[in-house]
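Novice: Each chain, written out:
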Amino acid sequence: MASIDITDVRKAYGSTKILHGVDLTIQDGEFVVLVGPSGCGKSTLLRMIAGLEDISSGEIRIGGRVVNDLDPKDRDIAMVFQSYALYPHMTVADNMSYSLRLRKTAKEKIAAAISGAATKLSLTPLMERRPKALSGGQRQRVAMGRAIVRSPKAFLFDEPLSNLDARLREHMRGEIKKLHQDLGATSIYVTHDQIEAMTLADRIVAMNAGLVQQVGSPLDLYDRPANLFVAGFMGSPAMNMFEGTYRNANGGTVELAQGVVVPLAGPAPTADGTKVTLGIRPEHVLVGKTGLEGIQALISLVEPTGFGTILHASAFGEDVKAFSLERGVAVRGDTVSVSFPVDRIHLFDTATGSRIG
Amino acid sequence: MIRPKRLGMTLAHRAAILLYIAFALFPLYWLVKVSVTPNDLLYSEGVKMWPSRATLDHFAFVLEHSDFPLFFRNSMIVSVSTAFIVTLLSSIGGYALSRFTFRGKFWIVGLMLLTQMFPLVMLIAPIFKMLSPLGLTNSLSGLVLVYVAFNVPFATFLMQSFFDGIPKDLEEAAMIDGATRFMAFRQIILPLTLPGMAATLGFVFTAAWSELLFALMLISGVDASTFPVGLLSFVSKFSVDFGQMMAAGVLALIPACIFFLLIQRYLVQGLTAGAVKG
Ligand SMILES: Nc1ncnc2c1ncn2[C@@H]1O[C@H](COP(=O)(O)OP(=O)(O)OP(=O)(O)O)[C@@H](O)[C@H]1O
Ligand SMILES: [Mg+2]
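Chains A and B supply the protein sequences, listed in that same order. For the first sequence, our numbering puts the final residue at 357, and the numbers step up evenly by one. For the second sequence, our numbering puts the final residue at 278, and the numbers step up evenly by one.
One or more of the hints may lead you astray.
Claimed, not checked - Per the computed footprint, the stretches of chain A lying under chain B, defined by three or more beta-carbons under 8 Å from a beta-carbon of chain B, are:
#1 87-95
#2 310-317
Said to hold, decoys possible - Listing some non-contacts, in silico: residues in chain B with all C-beta distances to chain A over 12 Å:
#3 Pro51
#4 Ala54
#5 Ser81
#6 Ile92
#7 Leu120
#8 Ser220
#9 Gly221
#10 Ser239
Note that these hints are calculated values from the structure, not bench results. Glycine included, C-beta positions come from ideal geometry on N, C-alpha and C.
Working from the sequences, and respecting the hints, build out all of it.
Specialist: Here it is in structure tokens:
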């Protein structure tokens, strides 16, 4: 096991720049999840750590040692591919023992290692099968098994669960978490499933367009997104965002469209008249009967999820989403009042996108 | 229960296939038929599907009294060496084209394509001129050299398409597992490309086995003649000994058949794999 230090790492294919300088330190034993939209460079970064992709500039250190020019085989890491990449002509046992055989590990040790891994992953009855005779979930477990038979310095996962159905994904998510708690190995996990990111990570690294947007604990990112990108990316249904103007008067307010004024908890550290974006998560929007304090709104759509209800309300020319655990709060066509609790409001500078306060 | 209309369609389908097979195999049948027809019946019986009296005399003559066994041996040496050398080179080359980007790749591929564009007849004189001072005319090695040169480009493209069909992830996984690139190639990729290699082997073997033009032009003595050239020796100025010629032809089919029987398991896999994966 080892820590991983990434210093100003850049990647370009010819003149196309993919990563624009990534800095990241991953502690020994930490589980870090990289999230971001498709094409933002998550896989590229992971593959650079693995040694499958050249590093255009910058430095990657694994356990303190610079690995920029080291072949993948000398980096002592394990990787689980999205496609699983099982060797089709080898049995499950041979797939799992391949890395140990390459290292000329003693036969008894190999046998012990693979039977240990097989037990952990309930693969024991499948050891003599070829990959093509396995289900998707079983293949996924073999891919995991192949990674854990040796004790590498770090585990890399590139969307390992994205080919499984929702239920199995949920199950394997739990398995991966347990496995990490057992082995305590440094892990970097790429996904664009935010539930996976939230549940698995010690720390989340949110990326967009080749740049790290925010690094922090899952709840950190959720509760205090550093910018509009993170605010919009984390959370489902997504955060409501309304553009407006900041006013210093009356202890800090935001003027939204159609003269609607939303009070803030206190004056914000920005100039009067700044263009701002007000963000509020749907589960924090309060919906009540009209007449109560709040903004007049018309319910335009009700989406029951079983778990709760998503309400879409039109107010001040915008679509306001609210999430409620209760059912039957309102029906389509109802006139309601919506309000935004001051301590739940996020404020962003519209021009720069970064968080205010 | 098969409905009558479906049955009719199936029958028509089968009949069409049968017709095609009959058409394709008829020359082979005729080859066998003539090879067992005694000389005195060849012209006297008219067109008959099977001679009234069959004989193996032609075979006996070809094997015992002609240079045919020698031609046969030469062809065997040339075709087998060509097939193996080409498959080896094209596997390595095809892998490089499939997996690496390197400077000049575009031009190398372009040049390889260019070599496939010329009618071979145009090249005979220059090749003869080049090989003759090297002492490679009239020799089997010269012939192998020429066959290899002409088969490598196409075979390389063929192998490239097989490698393209194998996901890159596999060798990357192997390299992360601790293999060098070459080990990943040998232990992971190569076993998966066996069908492709069998197809290439078969293709090149057949091409070399039946090649006539270069064999005819580059070889003048009996010692280094291959079997297609040998076949022509049954054509003399005054007559063509069809019976012996056909017997020789039948014999020449045998190694090709055996060869394909050996690789057919891989070949079928290989051809279909190539078909779906491009
Ligand atoms: N060989 C290449 N040549 C040029 N551009 C490439 C190459 N490989 C990847 N890219 C580009 O790099 C960018 C980042 O790709 P990457 O695979 O890292 O994205 P990702 O974040 O993993 O996305 P996804 O979530 O879809 O897997 C993409 O825009 C992609 O088009
Ligand atoms: Mg990716």
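Novice: Hint by hint, say whether it matches the structure.
Specialist: Hints and how they fare:
Under a criterion of three residues with beta carbons nearer than 8 Å to beta carbons of chain B, the stated coverage of the segment 87-95 of chain A is upheld, 3 such residues being counted. With 0 residues having a Cβ less than 8 Å from any Cβ of chain B, the segment 310-317 of chain A misses the three-residue criterion, and the hint is violated. With a minimum CB-CB distance of about 51 Å to chain A, proline 51(B) clears the 12 Å threshold, and the non-interface call stands. For alanine 54(B), the condition that its CB be more than 12 Å from all CB atoms of chain A holds, with the nearest at approximately 49 Å.
The claim that serine 81(B) lies off the interface holds: its Cβ sits roughly 28 Å from the closest Cβ of chain A, which is beyond the 12 Å cut-off. Non-interface status of isoleucine 92(B) relative to chain A is upheld: no Cβ of that chain comes within 12 Å, the nearest being about 20 Å off. For leucine 120(B), the requirement that its beta carbon stay farther than 12 Å from each beta carbon of chain A is met, with the minimum near 39 Å. Taking the minimum C-beta to C-beta distance to chain A, about 48 Å, the non-interface status of serine 220(B) holds against the 12 Å cut.
Every CB of chain A lies more than 12 Å from the CB of glycine 221(B), the least distance being 47 Å, so the non-interface label holds. Non-interface call for serine 239(B) relative to chain A: holds, since the shortest CB-CB distance, roughly 57 Å, exceeds 12 Å.
Checked against the numbered hints given earlier, the structure breaks only hint 2 and satisfies all the rest.
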